[in-house]
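From just these sequences and the hints, can you work out the full model?
Protein chains in written order, with the working numbering: chain A, 67 to 393; chain B, 29 to 325; chain C, 199 to 519.
No wet-lab data here; the hints were simulated from the structure.
Note that CB positions come from ideal geometry on N, CA and C, so glycine has one too.
It is possible that some hints are incorrect.
To spell it out: a stretch of chain C is covered by chain A in this simulated footprint if at least three of its residues, at any positions, have a beta carbon under 8 Å from a beta carbon of chain A; those stretches are [as the list claims (entries may be wrong)]:
#1 413-419
#2 504-516
Pairs of lysine-lysine residues, derived as DSSO-like cross-links and limited to a Cα-Cα distance of at most 30 Å, are as follows [what the hints assert, rightly or not]:
#3 A:156 to A:138
#4 A:214 to A:156
#5 C:255 to C:268
#6 A:218 to A:181
#7 A:370 to A:218
#8 C:230 to C:268
#9 A:156 to C:415
#10 A:218 to A:205
#11 C:255 to C:235
#12 C:415 to A:138
#13 C:255 to A:181
#14 C:415 to A:126
#15 A:138 to A:181
#16 C:268 to A:218
#17 C:230 to C:243
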Amino acid sequence: MPQLEKTILEVQDLSIAYPITIGVVRAVEGVSFTLDDGEALGLVGESGCGKSTLGLSILKLHRPPGRVTGGKILYRGTDILSMSDRALLKMRGQNISMIFQNPLTSLNPLFTVEKHFLETIHFHDASMPRERARAAVGKMLETLGIEKKRLKEYPHQLSGGMRQRIMIGLALIMNPDIIIADEPTTSLDVIVEAGFTDLLMSLRSIYKLSIILITHNLGLVAEIADRIAVMYAGRLMEVATTEEIFAHPLHPYTQGLIACVPNILVDQKELVTMPGSPPDLVDRPAGCPFAPRCPQVIPICRQKTPALIQHAPSHSAACWLYRQKEG
Amino acid sequence: MVAARFSPAGWIAALFRWTSSARRKYGGEWWLMVAGVVVIAFILTMTVFPHLFTRFDPNDQNAGSQMTAPSSSHIMGTDNLSRDVWARIVYGAQTILGVAIAAALLSAIIGIPLGLLSGFAGGVFDRILSLIMDSVYSFPGLILAIAFAAMLGPGVINITLAVAVVYIPTYFRLVRGQTLSIKEEVYVEAARAIGARRGTILGRYIFPNVIATVVVVLSLNIADAIMTEAALSYIGLGLPAGIPDWGMDLSMGKKFLPSGIWWMITFPGLMIMLLALGFTMLGEGLAEILNPRLLEK
Amino acid sequence: MVFVMLTLVFVVLRVMPGDPVSAMLGGHAPEKVIQQKKADLGLNKPIGMQYLDYMGKLAHLDLGESMIFKQKVSQPILEKLPATLELTFFGLLLSLGIGIPLGVFAARRRRSGRDYGARLYANVVYCIPVFWMGLLLQLVFGIFLGWFPIAGRTSPRVEVSAFSKTGFYIVDTLRIGNFAAFGDVMWHLVLPSVTLGIVLSGIFVRLTRANMLDVLKSDYILAARARGVPERRVVYNHGLRNALIPIVTMLGLQFALLLAGAILTESTFSWPGMGRLLLERIYLRDYPVIQGVIVVYTLFVSVISLVVDLLYAAIDPRVKY
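Following this line, the structure appears as structure tokens:
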């Protein structure tokens with residue numbers, strides 16, 4: 067199967083739960099998707115829908131006491147979740163890297179920029195001579211468009227945009243295949259966000275990256291992603307190419323999300339919002355998690371949870387509406 | 029429902045419901061608090077009904093023979109003056125517990141209003157008072173207590189005063205800090221906007237919010253005061269002779285330590301530790317239940 | 199701060215009820231003798247004048263003269279200060295050495311058995327009176343086992359005058375290369391500094407644990423892990439170094455506890471330091487010396503808070519002086 071060779075990351079039926087005093091929070095439930103080599107996948111959903119947990123679990127870094135209750139995460143055929151600690155350390159940063167939400171707090175305030183870089187290189191390739199490591203860091207700064215003198219500075223001396231670029235540089239310094247960006251622009255202002263998008267796109271082609279972009283920002287995802295996976299209450303609702311999602315959204319939740327984006331081309335008097343709020347992940351009602359808020363709900367939605375079914379060559383949705391039509 | 033609220037049975041039922049739900053919610057911290065309460069209750073009973081715990085008089089110099097090791101007749105042995113060690117512990121509980129609680133309350137009574145006023149009023153008054161309180165706070169409390177005790181001379185009231193002085197800044201700083209932050213809260217702003225008088229704001233809005241923290245600190249503070257009282261009487265500054273006291277018994281025991289008389293120091297010290305631990309556990313448990321972030325600093 | 203504290207010392211010792219002269223001479227001294235003595239000591243002047251005198255002399259580091267002995271107040275203080283410094287130094291070192299690793303150990307797995315264990319240790323140890331801890335150690339290791347001496351800084355057979363120059367026996371013995379004497383000095387230091395170290399370690403367990411818990415929740419910890427930095431390095435180099443900042447700030451306040459503990463330890467181990475001097479002179483009612491000792495303690499605390507500020511600046515690049 068040629069399809070398999072192209073696939074670099076495959077998540078199979080992944081479930082993650084957090085035991086807390088009053089019950090168990092099912093943050094991620096039965097999620098499956100694939101990421102092809104060089105592809106950018108957008109993971110979209112409201113805050114608290116489990117997308118950040120999902121992203122962290124790919125590095126096996128989901129916060130305790132959360133634990134994987136089922137499923138696999140295959141990186142080039144190897145299950146990350148059953149890797150040894152040593153192999154995990156090697157994989158993090160070298161094969162799969164991550165960019166975090168808040169660049170302002172994601173750098174150690176007591177370390178210089180240079181120390182962040184040299185430390186990362188040291189723990190992946192201890193044999194690399196210091197001069198070569200420094201040269202590599204210098205080259206990376208050039209790519210990022212940051213002056214070299216910044217190397218000796220501490221994070222508090224840098225602007226937010228610069229810190230975000232440093233974070234990207236740190237993620238890329240070991241030349242990984244996959245980069246996971248978790249809400250990378252949430253804490254940046256709009257101008258800096260535009261610069262970030264351009265930088266990420268150019269780096270993507272230089273480093274031949276596969277990207278998982280986790281965000282609630284549909285505009286950002288439209289710009290970067292090839293494919294989009296929509297997540298709601300720990301489950302995938304719909305997966306399709308970016309064009310498909312925006313042109314023919316199948317799932318009522320996706321339709322709602324897109325309707326919420328203000329459109330400057332249409333004369334709009336009011337912001338469209340979606341009624342209701344996401345369900346409590348502790349006491350899940352039976353059936354489709356979106357059913358209580360769904361405008362097109364039908365009886366079966368409240369009884370059984372729909373599976374993610376392929377409806378077109380690159381378009382899947384988890385919704386009873388379409389399965390009924392097919393009989 | 030209203031009737032049920034005033035019946036004793038209703039009260040007990042409500043208390044039971046509350047305790048069982050709290051127990052489930054807080055787990056470990058709940059048991060910590062219970063352990064603290066049990067220790068305190070035991071020693072408190074000892075102070076109120078000492079004769080139930082021992083048949084000896086703490087000052088009876090003919091209770092047994094001199095310096096005998098613990099036995100069935102004297103479970104903790106006898107001291108150099110043939111007094112029963114356990115009896116001295118039982119009656120000594122009154123002294124240490126009384127002094128510690130009185131001192132902690134006294135410093136709270138002085139420190140809390142000062143902190144409220146200082147935080148609420150601000151200005152020069154606040155700055156001067158804060159400077160003094162901060163200075164005292166950073167100074168070793170025991171040395172201050174020693175200085176006071178030395179100037180005032182021995183006596184139960186004097187030792188209480190000496191201990192109380194040490195802890196006034198603790199309450200002052202705590203209450204002032206909280207007052208400052210609560211003052212800026214929206215609901216206080218709102219009260220001011222509808223024309224509430226300053227006294228009303230202080231009494232109705234700020235004070236009730238401060239009180240939960242004060243309860244916790246009071247408990248931890250009593251634990252500290254217990255050790256300060258014991259320290260003062262251990263170095264011989266606290267109390268006139270004739271009043272049974274754990275710290276004094278320890279310093280007495282110290283003299284006979286080289287001859288291996290272990291029981292004269294082991295038991296009074298153990299009691300000081302247990303009592304202090306009781307109040308600490310109560311305080312920590314309360315803190316976790318009332319405000320989990322309180323002690324993380 | 200120093201100024202406020204010194205004023206307070208003056209107020210406590212001079213304005214409070216209690217008359218040093220009549221206390222010193224006993225209740226039955228004739229009025230004339232008392233007045234004479236008061237004039238000698240400058241105690242008959244108005245309180246404001248006395249205060250100015252006191253502050254003026256302090257500015258020249260003049261602590262006055264003893265009321266009992268023909269000596270300057272500074273003389274016994276300078277003699278005893280090194281003993282206290284040696285004791286507090288090792289006590290602090292030990293309490294940090296126990297407290298910080300144990301705090302880190304607890305914080306790495308919150309609400310686990312080891313966390314509860316470390317917290318229990320911290321609470322129990324905090325509630326042990328220092329002097330009782332000292333007595334117990336004396337009893338077990340000094341009397342029953344006979345491993346360590348229970349009093350003083352040196353054995354009687356060691357000739358102190360042979361090496362004493364600065365008063366810091368450790369420094370003095372090493373300086374002249376007298377290793378037998380050095381060993382003896384260290385041997386005497388064991389029980390007192392262990393007493394002080396253990397009792398104070400509880401506070402550092404708590405401080406370290408709370409601050410480590412906060413720091414380990416930070417984004418940069420997660421980011422470091424995501425870059426493949428090994429756990430040990432994440433905890434100690436990224437975590438502990440950041441947690442040390444609030445710990446160092448608190449160190450100044452803990453120092454007050456250390457000094458208080460040192461007084462009680464000195465008293466328990468007949469350690470010839472400032473605390474013992476203070477207590478001795480309190481029994482003798484030698485007010486100028488009592489006052490002098492407290493002044494020195496005040497200066498001590500101020501110096502420490504200065505050192506803490508410098509230390510803080512050294513650790514944290516965000517602070518500039």
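Taking the hints in turn, this is what the structure says about them:
no.: 1; hint: 413-419; in the structure: holds (count 3)
no.: 2; hint: 504-516; in the structure: holds (count 4)
no.: 3; hint: A:156 to A:138; in the structure: holds, 19 Å
no.: 4; hint: A:214 to A:156; in the structure: holds, 28 Å
no.: 5; hint: C:255 to C:268; in the structure: holds, 19 Å
no.: 6; hint: A:218 to A:181; in the structure: holds, 8 Å
no.: 7; hint: A:370 to A:218; in the structure: violated, 58 Å
no.: 8; hint: C:230 to C:268; in the structure: holds, 22 Å
no.: 9; hint: A:156 to C:415; in the structure: holds, 23 Å
no.: 10; hint: A:218 to A:205; in the structure: holds, 16 Å
no.: 11; hint: C:255 to C:235; in the structure: holds, 20 Å
no.: 12; hint: C:415 to A:138; in the structure: holds, 27 Å
no.: 13; hint: C:255 to A:181; in the structure: violated, 52 Å
no.: 14; hint: C:415 to A:126; in the structure: holds, 16 Å
no.: 15; hint: A:138 to A:181; in the structure: violated, 35 Å
no.: 16; hint: C:268 to A:218; in the structure: violated, 61 Å
no.: 17; hint: C:230 to C:243; in the structure: holds, 16 Å
In this structure, the hints that do not hold are numbers 7, 13, 15, 16, in rising order.
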